[in-house]
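Chains as they are written, first to last, in UniProt numbering: chain X, 1 to 354; chain A, 1 to 284; chain B, 1 to 310.
Think of the hints as simulated: they come from the structure by calculation, not from any bench. Note that the structure is predicted; figures quoted are calculated from it, not measured. Glycine included, each C-beta is placed from N, C-alpha and C at the ideal position. A couple of the hints might just be wrong.
[To be verified] Which chain A residues face chain B? A few, computed with CB under 7 Å, are given here:
id	residue
1	Y40
2	A58
3	T60
4	V263
5	Y267
6	F269
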Amino acid sequence: MAAIELRGLTKVYPGGVTALDALDLVVPDGEFFALLGPSGCGKTTLLRTIAGLEAATGGAVVIGGRDVTGVQPGERDVAMVFQDYALFPHMDVADNIAYPLRIKKVPKGARRGKAAEVGARLGLDGLMDRRPGQLSGGQQQRVALARVMATQAQAFLFDEPLSNLDARLRLEARTFLKKLQRELGVTTVFVTHDQAEALAMADRMAVMEAGHIRQIGTPAEVFQRPANTFVAAFIGSTPMNLLDATVRGDTLEVAGCKVPVPASAEGRLQDGERLVYGVRPEYMAYSDGPADAALAGKVAIVENLGASYLVTLDVGDVAVQAVVPEGREPAVGSDGHAVPRRDRALVYRDGELV
Amino acid sequence: MIRFVLGRIGFYALVAVVLAFFTLPLLWLVTAPFTADPTYEVRVPLPGGGRGDGGTAAFTWDNFRAVLEHPYALPSLYNSVLLSAGTAALVVLLAALAAYALSRVRLPGRDALLYVLLLLSSIITGTAAIVPLFQLAVELDLIDSRLGLVLILTGGLLPAAIFMLKDFMDSTPKSYEESARVFGASPLQIVRHVVVPLVRPGLATIAVWAVANVWGNFLMPYLLLSDVEKQPAAVITYTLYTEGGQANLRLLSTFGLLYSVPVVLMYLFVSKKYGFRFHGGIKR
Amino acid sequence: MAQATSPPDAAPGEDARARRHSTDAAGLGRVRAALFTAPALALIAVFLVFPALWVLYLGLTTYRLTGADAAEPQFVGLDNFVEALWDPAFWDSTWLTVEFVLGSAVVGQVGLGFTIAWLLRDRRGPLKRLVEGLVILAWILPSAVVSFLWVALLDRDSGTLNALLGIPGFPWLLDHPMLSIVVFNTWRGTAFSMMLYGAALGNVPPSHLESARLAGATGWQQLRDVVFPHIKGHVLTNLLLISLWTFNDFTPFMLTAGGPDGRSEVLAVHVYKVAVQSGELGYGAALSTIILLINLVVAVFYLRLLRSKR
Ligand SMILES: Nc1ncnc2c1ncn2[C@@H]1O[C@H](COP(=O)(O)OP(=O)(O)O)[C@@H](O)[C@H]1O
Ligand SMILES: [Mg+2]
Numbered sequence: 001m002a003a004i005e006l007r008g009l010t011k012v013y014p015g016g017v018t019a020l021d022a023l024d025l026v027v028p029d030g031e032f033f034a035l036l037g038p039s040g041c042g043k044t045t046l047l048r049t050i051a052g053l054e055a056a057t058g059g060a061v062v063i064g065g066r067d068v069t070g071v072q073p074g075e076r077d078v079a080m081v082f083q084d085y086a087l088f089p090h091m092d093v094a095d096n097i098a099y100p101l102r103i104k105k106v107p108k109g110a111r112r113g114k115a116a117e118v119g120a121r122l123g124l125d126g127l128m129d130r131r132p133g134q135l136s137g138g139q140q141q142r143v144a145l146a147r148v149m150a151t152q153a154q155a156f157l158f159d160e161p162l163s164n165l166d167a168r169l170r171l172e173a174r175t176f177l178k179k180l181q182r183e184l185g186v187t188t189v190f191v192t193h194d195q196a197e198a199l200a201m202a203d204r205m206a207v208m209e210a211g212h213i214r215q216i217g218t219p220a221e222v223f224q225r226p227a228n229t230f231v232a233a234f235i236g237s238t239p240m241n242l243l244d245a246t247v248r249g250d251t252l253e254v255a256g257c258k259v260p261v262p263a264s265a266e267g268r269l270q271d272g273e274r275l276v277y278g279v280r281p282e283y284m285a286y287s288d289g290p291a292d293a294a295l296a297g298k299v300a301i302v303e304n305l306g307a308s309y310l311v312t313l314d315v316g317d318v319a320v321q322a323v324v325p326e327g328r329e330p331a332v333g334s335d336g337h338a339v340p341r342r343d344r345a346l347v348y349r350d351g352e353l354v
Numbered sequence: 001m002i003r004f005v006l007g008r009i010g011f012y013a014l015v016a017v018v019l020a021f022f023t024l025p026l027l028w029l030v031t032a033p034f035t036a037d038p039t040y041e042v043r044v045p046l047p048g049g050g051r052g053d054g055g056t057a058a059f060t061w062d063n064f065r066a067v068l069e070h071p072y073a074l075p076s077l078y079n080s081v082l083l084s085a086g087t088a089a090l091v092v093l094l095a096a097l098a099a100y101a102l103s104r105v106r107l108p109g110r111d112a113l114l115y116v117l118l119l120l121s122s123i124i125t126g127t128a129a130i131v132p133l134f135q136l137a138v139e140l141d142l143i144d145s146r147l148g149l150v151l152i153l154t155g156g157l158l159p160a161a162i163f164m165l166k167d168f169m170d171s172t173p174k175s176y177e178e179s180a181r182v183f184g185a186s187p188l189q190i191v192r193h194v195v196v197p198l199v200r201p202g203l204a205t206i207a208v209w210a211v212a213n214v215w216g217n218f219l220m221p222y223l224l225l226s227d228v229e230k231q232p233a234a235v236i237t238y239t240l241y242t243e244g245g246q247a248n249l250r251l252l253s254t255f256g257l258l259y260s261v262p263v264v265l266m267y268l269f270v271s272k273k274y275g276f277r278f279h280g281g282i283k284r
Numbered sequence: 001m002a003q004a005t006s007p008p009d010a011a012p013g014e015d016a017r018a019r020r021h022s023t024d025a026a027g028l029g030r031v032r033a034a035l036f037t038a039p040a041l042a043l044i045a046v047f048l049v050f051p052a053l054w055v056l057y058l059g060l061t062t063y064r065l066t067g068a069d070a071a072e073p074q075f076v077g078l079d080n081f082v083e084a085l086w087d088p089a090f091w092d093s094t095w096l097t098v099e100f101v102l103g104s105a106v107v108g109q110v111g112l113g114f115t116i117a118w119l120l121r122d123r124r125g126p127l128k129r130l131v132e133g134l135v136i137l138a139w140i141l142p143s144a145v146v147s148f149l150w151v152a153l154l155d156r157d158s159g160t161l162n163a164l165l166g167i168p169g170f171p172w173l174l175d176h177p178m179l180s181i182v183v184f185n186t187w188r189g190t191a192f193s194m195m196l197y198g199a200a201l202g203n204v205p206p207s208h209l210e211s212a213r214l215a216g217a218t219g220w221q222q223l224r225d226v227v228f229p230h231i232k233g234h235v236l237t238n239l240l241l242i243s244l245w246t247f248n249d250f251t252p253f254m255l256t257a258g259g260p261d262g263r264s265e266v267l268a269v270h271v272y273k274v275a276v277q278s279g280e281l282g283y284g285a286a287l288s289t290i291i292l293l294i295n296l297v298v299a300v301f302y303l304r305l306l307r308s309k310r
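In isolation and in its complexed conformation, chain X is listed as follows:
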């Protein structure tokens, strides 16, 4: 097992696209690390550069204390699951799982034994002599995992391993993958564009935008205190309310209403300053009747989220969203009042958290 360390890692593609711009990152030994970002931000490039499939334009990749920047992929002791799994269509499941061992010249008998053992652990027994084409998406994904496990590599790299599964299977696989990683204790870098997946699975995570890392932290930190408006808007299944605000003494004027300055920003704001006020819909107390320090408006839309409702209020000419528990949802057109939680509200100056 080994830590992964990236120092000033830069990748410029021949066409001139800068996919990675001087990235610094440390993934400690044994950590389950998620890389989250919109598509095209350079996640796959980052994984491929760690694996050695792309040559870094600048900077260094250090795995287990060894600088592997110029080392061939096969000698880096990492294993990768590709987005399309890349299972060899002409080999059966057992041969696919055992392929890394074949490269290491493990004798055939021992190879099949190990494949059977790993396969059984992932619930693949009974499928060992099928071809990948005869497997479901979920089974293929587990074969790809089994093949990676058979390598006993120092670190695992997963490129959106769940994105080819349907929604229900994805939830199952999520739990399964997390449990597996915990048991194996192998350093894992996990790429996804799905923020819920990153929040649910990662020990720590990084949010990327256009070749830059915009925030690194635990899922709780990233969710509760997004470091900038990009992360704030990207994280959360319901997007954060990001509202223009003006400082008026020790209150903020937001869409014509007055709310207190958030606890985290107290004493750091200047009177008359224009800022962005951020609060998650989950961190709003909603009431039908008037309330202090509330954003008050008319209910425009009510969306069913299952056990709760997402209520959109028209406050002046801005839309404010709040999550309301089931049974308390208002009628469209009625008056509504949303009170932000002071300890969870945030202020952004020039896009950065104050």
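Fit chains A and B with the ligands to the given chain X structure using the hints.
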């Protein structure tokens, strides 16, 4: 409904015309060898046939006996097998390696090079270059050498083979190779374990194409092999053709059939096992 | 929180490292790629490029099969080329070749090949295998055999065709030599186009065809608006290959020997007659060079189309 029926009728009519067009010339090949005294006419060989009633002829195996007794007929088939198997093996091996490298690595001037070679090959394998090739063979001491002939034929077939195989390789996803590479496979291992199995139908198609080409090639062996014991069936066919100024139809038809059967069997085998098709097609 | 590491010290020799590190899928790198292509290129250089250059050189000489010019050919510059361009026989052959390529390759093989591929596009089973098998048979049988089969088919007195048409004694090869070799070559070469278009049609996404059908497109409109845009690359590459192959095809010689009176003497046959039968090797080589140039023009024409239509 009427449109549908008309469409069906049109479809089967067209298919019937196509079938007739492609079958008609072949009828003679499957009947003449079994008839006594074959002419250019297609007659059905029947025991006791050919007594004035039109369209039939006496059935016989005699023509095959005559071919067996011909001193060079059967050995020439063996020579054809040697030449085409050797050439096909060499073409497939060298073209696969080259096509793979050209498909995966951007070498400068790659496409232009391929097209130029393709152009040259279609001309050089024709009649234009027989003189320099002959002189070259003399200089390199390759006259009457089967190996020399195989090398020359290979050189002529390689550009088109590379061109077609590269297309196959281009259409296979790269992630298989990358995955093998991360597991530590060397480039040659990747070719053996991953690329060859993936493009096997393409390799088989190119092999059939190469064999069929060499099997039918008359000019090059005629030019470069003077020893009649080394000459392939293509050359021997013409010695039957002109015997006594007139075509010997008994030998010609029968030998033609024997000469055709091996390539047909090979095609059937390959198409059954791998499917005979230009996989992704030649795209762009 | 953010575990930023210290900024990287400028790593020396970074460029060299990146270069050593191959970025293609299999990690071949340029050196190994060159090694992979070397054996093929070596054979091609010796047995293809070298003879081709030699042909270019011979075309500038009076080299002959026999006589004084066999031992010591004279260098005559472009005389052979000038002679060819003034020779009506050369121009006749050129036009016959154009007819042959247009008739048998472009119209015959491409048209018939596409028609068969289109007819059989979503069929499985014995009928498809039978048709494809027969078409491919015509392609893989040795040319010595198939040319003889066609001689038998077209024979004026007892040939099958005349028997079927009820016109015994009609001399196809004498009265219609070009038509004969055009039809023959169509029969001979359709397989390649058929297989190519079969594969290409298989790549047209069914959903595109379905949405065209839902929009009420007729068969012809589907072909034009959906199928053709998808396969036009295939069409042009296929046209390029078979045009070149047909241009240099020598098999017509086996049916008509260029006759009667040179009425089916396409360029490949013309060169053979000049170089081998008359022994004028230098002049023949010059003709070959001209053929090469014509082929080059044809190839460039197709490649242009390919590029502009992409
Ligand atoms: N082989 C390549 N050549 C040139 N540009 C590329 C290549 N691969 C990716 N890119 C570009 O690099 C950027 C990052 O791509 P990628 O790492 O695939 O993003 P992600 O995986 O986050 O969706 C994109 O702008 C993409 O267009
Ligand atoms: Mg990606």
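Here is how each hint holds up against the structure:
1. Y40: holds (4 Å)
2. A58: violated (17 Å)
3. T60: Violated, because the Cβ-Cβ distance from T60 (chain A) to chain B comes to roughly 19 Å (cut-off 7 Å).
4. V263: Since the shortest Cβ distance to chain B is 5 Å, the answer is holds.
5. Y267: With a closest approach of 6 Å, the Y267 (chain A) hint holds.
6. F269: violated (12 Å)
Of the numbered hints given earlier, the model fails hints 2, 3 and 6; all others are met.
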